[in-house]
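Here the protein sequences line up with chains A and B, keeping their order. Quick note on numbering: the first sequence equals residues 8 to 411 in this note's numbering. Quick note on numbering: the second sequence equals residues 43 to 347 in this note's numbering.
None of these hints come from the bench; they were simulated from the model. Don't be surprised by glycine CBs; every beta carbon is placed ideally from N, CA and C. Some clues are possibly wrong.
[Stated by the list, open to error] Covered stretches of chain B, going by a simulated chain A footprint (3 or more residues, C-beta under 8 Å):
1) 79 to 85
2) 244 to 254
[As the list claims (entries may be wrong)] Far from chain B, some chain A residues (derived; all Cβ distances over 12 Å):
3) Cys-54
4) Arg-118
5) Glu-139
6) Tyr-143
7) Gly-144
8) Arg-148
9) Gly-188
10) Leu-308
[As the list claims (entries may be wrong)] Sample of chain A residues with no beta-carbon within 10 Å of chain B, all distances over it, derived:
11) Lys-51
12) Gly-78
13) Ser-123
14) Met-124
15) Lys-152
16) Thr-336
17) Pro-361
18) Asp-386
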Amino acid sequence: MPPNPTESGIAVRANGIWKVFGRNPERVLEPKFRDLPKNELQRKTGCVVGLRDVNLEVKTGELFVLMGLSGSGKSTMIRTLLRLVEPTAGTLHVDGKDVSAMSHKELLEFRRNLVSMVFQSYGLLPHYTVLENAAYGLRLRGDEKEKREARAMEALNMVGLAGWENYYPTSLSGGMQQRVGLARALAKNPDILLMDEPFSGLDPLIRRQMQDELVDLQSDIGKTIIFVTHDLPEALKLGDRIAIMRDGEVVQVAEPEEILSNPHDEYVRAFTRDASPARVYTASTVMEEPEMLLYRWQGPLTARNEMERQKREWSFVVDRRRTYLGVATRDVIERLAKEKRTTVEKEDLMYLEPVRPDVVIEDLFGVVSSESYPLPVTDDDGKLLGVVRPRAILNALSTGEADA
Amino acid sequence: MRDFPDWIRFPVADSVDRAMAWVLTNLGWFFDWVGEVGLQILIAVERTLLFIPWWLAVIGVGVVAWRAIGRVRSGIAMAVLLFMVGAFGYWAHAMNTLSVVIVAVAFSITVGIPLGILMAWNNVVRNMLTPILDAMQTMPSFVYLIPALMLFGLGRVPATFATVIYAIPPVIRLTNVGIREVSTSVIEASTAFGASRWNLLFDVQLPLARPSIMVGVNQTTMMALAMVVIGSMIGNRGLGMEVLLAINRVNIGQGFEAGISIVFLAIIIDRITTAFARAKKAKEASGEEADTDAVEEESTSKASA
């Protein structure tokens with residue numbers, strides 16, 4: 008059935024997309040090869056199949072998630088939509104336009120105007136300021152300097168980066184660099200936003216915050232968004248619909264509820280088998296900012312005042328790099344203050360064993376209930392990422408929502 | 043058995059000789075014309091250099107070095123080095139040498155950077171150019187001094203030609219490497235926003251390859267200066283000629299003075315061009331690192347509230 012380009016309500020339509028890497032990729036499409044499994048095909052032809060007969064339809068205004076493990080073809084698929092990766096076969100309609108048939112010149116116009124992309128590795132120009140980066144897409148399509156800077160400023164405001172426009176990206180944190188990437192994408196007011204694991208490189212708390220902001224943004228501006236992730240909770244949280252990919256094929260397309268309740272085959276089930284929230288959500292999904300933090304170099308007197316002011320009986324203590332050191336209780340601080348000590352040392356503190364961000368919360372039940380303090384969550388370098396409170400775990404389990 | 047057999051011979055010497063003879067008879071007019079234009083340019087550059095009063099040149103080099111390197115001390119040191127060249131009595135010779143170096147380097151850059159770009163864009167071009175560049179750098183320079191002499195006659199034009207052959211490879215190579223090393227994620231992102239090949243070149247690849255290209259320019263300049271003595275064997279005057287004369291007369295003191303003058307010129311040019319290569323990088327890296335955490339925390343707490 009030939010696709011109808013004028014059909015309304017459909018933002019992206021992919022028909023029979025193949026991507027084969029290797030020499031003479033076309034021959035893989037011949038009947039004697041095309042149904043062979045990946046390994047056998049590679050042995051017989053030397054070609055690697057990236058995408059195998061992918062058919063997708065994304066509705067206008069929808070947040071559509073492509074999910075799969077690494078190597079499943081999800082990143083390749085999203086790149087074919089801009090022909091950053093040339094599909095070997097198949098047709099692509101984006102915004103009613105036949106992308107697969109575009110000439111080089113039409114393709115440049117198409118990339119400049121209708122679709123924006125956000126990348127996991129940001130892809131910012133290090134020699135441009137934040138403002139120039141945000142305006143780069145507009146510059147490429149030839150907007151006047153004043154107009155493009157005004158629009159870029161608007162976009163920077165939208166992502167909460169007002170005041171940073173004259174900095175260079177290298178002096179920004181990862182989360183802020185990705186905001187610049189998002190601003191660059193939004194500045195040209197595209198119909199469709201492609202996001203390739205945009206939050207995967209970020210600290211868990213920042214990541215969750217960005218997800219929340221994306222949901223807000225989506226409800227404000229109502230763009231069509233295609234979002235690639237390997238993270239099931241992220242897919243469930245963001246997606247209106249989710250396509251699960253494996254070995255270059257789309258295995259199932261469904262709404263999040265249906266993916267969980269009615270997995271299409273063993274592969275999807277394996278993804279979601281552990282979808283009892285206790286097995287899906289990890290420490291990083293339920294952790295929060297600690298209510299209070301003391302820094303090692305703050306003396307006992309400052310610490311006491313601070314505790315007094317915030318009416319707390321204890322606090323986590325970190326050093327300058329936010330490395331987790333331990334818990335200081337009011338009693339300890341009072342004692343140190345009496346001894347006229349000037350700093351709080353590690354030996355004075357109570358050391359709660361920290362947990363890693365990727366521990367599933369099921370494994371935390373025992374630990375959390377036996378402690379009267381929240382659990383510190385640290386990364387490999389011992390940096391304090393956040394804390395897990397028993398209440399947050401209960402919330403996640405009862406509502407199935409990590410961000411309760 | 044161990045010796046290479048006598049009956050296997052592929053002599054190319056004759057063919058090279060015949061090709062050279064053919065070029066001389068058929069393309070002689072072209073090389074005459076190139077030689078004439080080259081000579082006029084070289085003379086114009088040298089006259090300009092000599093027209094500048096010596097004290098202005100010394101002060102100028104000092105100020106430029108001070109601004110570029112960022113330390114007054116370095117500026118004074120560079121000015122003193124140039125002053126010493128004059129004090130040895132080699133001012134005019136130094137300007138002659140400098141004119142050859144300037145013209146050779148300018149030519150190397152205008153030809154070398156585009157060649158480096160082509161090399162980075164196209165693997166076929168790279169595979170063809172790489173052995174040629176290797177040959178240019180390892181071939182003993184006397185081998186091409188003689189043909190240069192036959193094409194351009196005696197004097198500074200063949201010296202400049204030989205200098206270009208010897209000095210151009212680094213700028214080509216480092217332009218190629220610099221462009222190839224630009225991170226693919228930046229290239230991909232710019233392509234996704236509709237950058238054409240030329241947008242990519244001027245907005246992304248050249249600016250990001252700049253430090254590498256500047257190292258290439260610096261090396262090219264150093265190698266051009268190193269070629270000065272050899273260039274004077276085919277009739278270029280300047281500092282190299284003074285070195286040669288001193289060697290022939292076993293005049294060790296004079297040879298030292300002329301030689302150290304070349305070293306002084308090299309130091310001045312090296313320090314200034316290196317400083318220019320670094321200057322912009324330092325500017326980009328600046329920016330308030332410390333503030334970012336504060337803002338991140340602020341926005342985090344806002345969202346969780």
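Hints and how they fare:
1. 79 to 85: This one is violated; 0 residues, fewer than the three required, reach chain A with a Cβ under 8 Å.
2. 244 to 254: holds (count 4)
3. Cys-54: At roughly 21 Å from the nearest Cβ of chain B, Cys-54(A) sits farther out than 12 Å, so the non-interface label holds.
4. Arg-118: Its Cβ does come within 12 Å of chain B, the nearest being 4 Å, so this is violated.
5. Glu-139: violated (10 Å)
6. Tyr-143: violated (6 Å)
7. Gly-144: violated (4 Å)
8. Arg-148: Since the minimum Cβ distance to chain B is about 6 Å, Arg-148(A) lies within 12 Å and the statement is violated.
9. Gly-188: Violated: least Cβ distance 8 Å, not greater than 12 Å.
10. Leu-308: Non-interface label stands for Leu-308(A): nearest chain B Cβ at 24 Å, farther than 12 Å.
11. Lys-51: Nearest chain B Cβ is 28 Å from Lys-51(A), so the label holds.
12. Gly-78: Since the minimum Cβ distance to chain B is about 18 Å, Gly-78(A) lies beyond 10 Å and the statement holds.
13. Ser-123: Not fine: 7 Å to the nearest Cβ puts Ser-123(A) too close to chain B.
14. Met-124: violated (4 Å)
15. Lys-152: holds (15 Å)
16. Thr-336: holds (24 Å)
17. Pro-361: Answer for Pro-361(A): holds, closest chain B Cβ roughly 20 Å.
18. Asp-386: Fine: 16 Å to the nearest Cβ keeps Asp-386(A) off the interface.
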